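Engineer: Residue numbers (our numbering), protein chains in the order written: chain A, 1 to 290; chain B, 1 to 369.
Hints may contain errors.
What the hints assert, rightly or not - Here chain B is said to cover these stretches of chain A; the calculated rule only asks that three of the stretch's residues, wherever they fall, bring their Cβ under 8 Å from a Cβ of chain B: (1) 151–165; (2) 191–204.
Stated by the list, open to error - In silico negatives: residues of chain B with every beta carbon more than 10 Å from chain A: (3) Leu27; (4) Asp74; (5) Pro91; (6) Pro106; (7) Gly201; (8) Phe246; (9) Val291; (10) Gln337.
Hint data in this document are derived by calculation from the structure and do not stem from the laboratory.
Since the model is a prediction, treat every value here as computed from it, not as a measurement.
For every residue, glycine included, the Cβ atom is placed at its ideal position computed from N, Cα and C.
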Amino acid sequence: MGTSKSSALDQAGRWLLLALLIVYTIYNVGPIFWLLLSSFKSRMDLFSMPPKLFFTPDLSGYQSVFGVGAAKDSASAVGVFDSLVNSIIVSFSGTALAVFFGTLAGYVCSRFNFIGKGDFMFFVLSTRMLPPVAVLVFYHLMFARLGLADTRFGLILVSIFANVGLATWIMKGFFDGVPREVEQIAIVNGYTRMYAFIKLVLPMVKGGIAATAGFCFIFAWNEFAFASILTTTQAKTLPVKISAASGATGIEWTQICAAGVVLIIPVLIFFYLIRKHLLMGMTFGVLGRR
Amino acid sequence: MSDAPMLELQGLKKSYRGKRALRGLDLTVNDNEILALLGPTGAGKSSTLLASAGLIELDGGTVRLGGDDVTRIDPASRDVAIVFEGFNLLPVLNVRDNIAFALRSPAFREAEDEIARRVGRTAELLRIAHLLDRDVGTLSGGERQRVAIARALVRRPRIFLLDEPLSALDLKLREGLRAELRQIHRQYRSTMLYATHDYHGAIAIADRIAIVDGGQIQQAGTIEEIFALPANLTVGKLVGSPSMAFLEAAIDDGSVVIKGAAQRLALSGFGRVAPSGGKLLLGVWPEDLEVGPAGAAGGSAGSIYAVDNRGFERAVQVETTAGSFRKVVPLEFPAEQGEACSFRVPDGAGFLFDEASGRRISHQDGRPA
Chain A
1 MGTSKSSALD
11 QAGRWLLLAL
21 LIVYTIYNVG
31 PIFWLLLSSF
41 KSRMDLFSMP
51 PKLFFTPDLS
61 GYQSVFGVGA
71 AKDSASAVGV
81 FDSLVNSIIV
91 SFSGTALAVF
101 FGTLAGYVCS
111 RFNFIGKGDF
121 MFFVLSTRML
131 PPVAVLVFYH
141 LMFARLGLAD
151 TRFGLILVSI
161 FANVGLATWI
171 MKGFFDGVPR
181 EVEQIAIVNG
191 YTRMYAFIKL
201 VLPMVKGGIA
211 ATAGFCFIFA
221 WNEFAFASIL
231 TTTQAKTLPV
241 KISAASGATG
251 IEWTQICAAG
261 VVLIIPVLIF
271 FYLIRKHLLM
281 GMTFGVLGRR
Chain B
1 MSDAPMLELQ
11 GLKKSYRGKR
21 ALRGLDLTVN
31 DNEILALLGP
41 TGAGKSSTLL
51 ASAGLIELDG
61 GTVRLGGDDV
71 TRIDPASRDV
81 AIVFEGFNLL
91 PVLNVRDNIA
101 FALRSPAFRE
111 AEDEIARRVG
121 RTAELLRIAH
131 LLDRDVGTLS
141 GGERQRVAIA
151 RALVRRPRIF
161 LLDEPLSALD
171 LKLREGLRAE
181 LRQIHRQYRS
191 TMLYATHDYH
201 GAIAIADRIA
211 IVDGGQIQQA
221 GTIEEIFALP
231 ANLTVGKLVG
241 SPSMAFLEAA
251 IDDGSVVIKG
261 AAQRLALSGF
271 GRVAPSGGKL
281 LLGVWPEDLE
291 VGPAGAAGGS
301 AGSIYAVDNR
311 GFERAVQVET
321 TAGSFRKVVP
331 LEFPAEQGEA
341 CSFRVPDGAG
351 FLFDEASGRR
361 ISHQDGRPA
């Protein structure tokens, strides 16, 4: 009697969990699914009510986004290819350099004591506290004076400054998880600390480096505030370009959806590439086993 | 080889963020001996080993290896090997490469065929030959420590520094590996400094024992020497199992009176006694104390507070008016928890300590009773 009652409860709990998961999945996947569908819809299909799940794919959005095919000479073509290249160059180099410097700084902060270390760590963190909007005008003036306005190099610098603090903090945490004995063993057995760092410690934090790179890449790729004010034509990144894309005939939703898909794909590729190391970074406790 | 001791530490001082870990520590380890550094957690054992290896920067003092002052010499040039308690194996290398690690370094490089020969032989000795190609993550605790010891051994360093190398292992493994370490020591005639908080482990493996506490060596010598003349209260508390019994006492008219007890001990049995103004403690090794049924002739009254069964014997905790102590008694000893009993300190079986300073004030002539 008691068992059947509790199993009925179990059953109810399971259904409830399933329902919650379904809702959560729709919440997460729904927008992406909608974006993907809409990017292939014609203007007519896009606004039909109820929304069509089955329709004839229409590539006009993508043609217009890349300025090819039928939209090649159209006035409403966005032509995102250049800004896609800008985004990729700025995000990848910004991420790589921020992770590089963050790894070095994180190691030093994890292993060495120096005067003002606490202040330094706080300062590093504080670089992320300021709302970008507060300093945008100053950056604009400074970059204009230095000749960095509307250059990829300038945006890469911004990306490094914005991310190196975060990278330092995350990497310090991962280095803290590596026992000091690793370097001690190396040094006692006739190696240098540099050897220990490069050959023994770094491989142990591979996962952490991947996770840090993941964070920095997302920030760099999605960065909008600085890119929108510091670029005009040459160095515009994809988010800026898309936001500015409203054609002569009003907002081109198909175009924007297609551009949104283009915006998502590099992120997917990036995380696909680092997925193995990322998993290691998230299960770091296993590595730190004593 | 010179006649200088293998390792000679003088006046080592080290603070970590204002907390003093070593306060002028002096220690000598002779060639071919195993010296156990016995002390509680935080006594300064690890700091002593790290300082000997050159892995921490000292605030003061000198380190000599084989007579040479190496205080300012970098660790790679000291030719020492170290085994830690927990983390020893580099996860990015397999077992074979972990053992061969030192032999491929710029400082201790050997030819690859020599490395293969030595790694094979050492692995054989420690019975880990079947593990050589394994990933270190797949090893058990005992296997890990064997590999770590093999890595230290393969290089034949001037001194082995072992920092609680076995304390993470279970009792059986620990005893087995301890015996193997002694065996290896005999075979290779190596010098070892073995830090441990485990009294049994220390006396089982060591030729000499150094009791360390508060960042200083309290006493160093063979276990017989320490039993015969414990230097101070700390030594009494750290040596023995159970450790020394301490009873409140006073000197009265040529005899030692244990607080609240009937028995009086002749002061003449305590050798030369230094004058002391403060409270006194009578320290007696539990093995010397006699515990018997209540009312035994010449005994003082006490009561059994607790009884532990130890298989072939029992340990009793005895409460007295002068303090409590633990003692191992035969299984047939008639004692139940809460019962009255008696205890007696045999003639010549005790040491007087000044409670405030902890110093031993009896037997000032240096002769045990």
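Engineer: State for each hint whether it applies.
Structural biologist: Do the hints match the structure? See the list:
Using a Cβ-Cβ cut-off of 8 Å, 0 residues of the segment 151–165 of chain A lie near chain B, which falls short of the minimum of three, so the contact claim is violated. Residues of the segment 191–204 of chain A lying with their CB closer than 8 Å to a CB of chain B number 6, which satisfies the three-residue condition for coverage. No beta-carbon of chain A comes within 10 Å of the beta-carbon of B:Leu27; the shortest separation is about 19 Å. The non-interface label for B:Asp74 is inconsistent with chain A: the shortest C-beta to C-beta separation is roughly 8 Å, within 10 Å.
Annotated as non-interface, B:Pro91 brings its C-beta within 10 Å of a C-beta of chain A; the closest such distance is 6 Å. Not every beta carbon of chain A lies more than 10 Å from that of B:Pro106, the smallest distance being close to 6 Å; the non-interface claim is violated. For B:Gly201, the shortest C-beta to C-beta distance to chain A comes to about 20 Å, beyond the 10 Å cut-off, and the non-interface label holds. Every beta carbon of chain A lies more than 10 Å from that of B:Phe246, the smallest distance being close to 37 Å; the non-interface claim holds.
The Cβ of B:Val291 lies farther than 10 Å from every Cβ of chain A, with a closest approach of about 43 Å, so its non-interface assignment holds. Residue-level check passed: B:Gln337 sits 40 Å from the nearest beta carbon of chain A, beyond 10 Å.
In this structure, the earlier hints numbered 1, 4, 5, 6 are contradicted, and the remaining ones agree with it.
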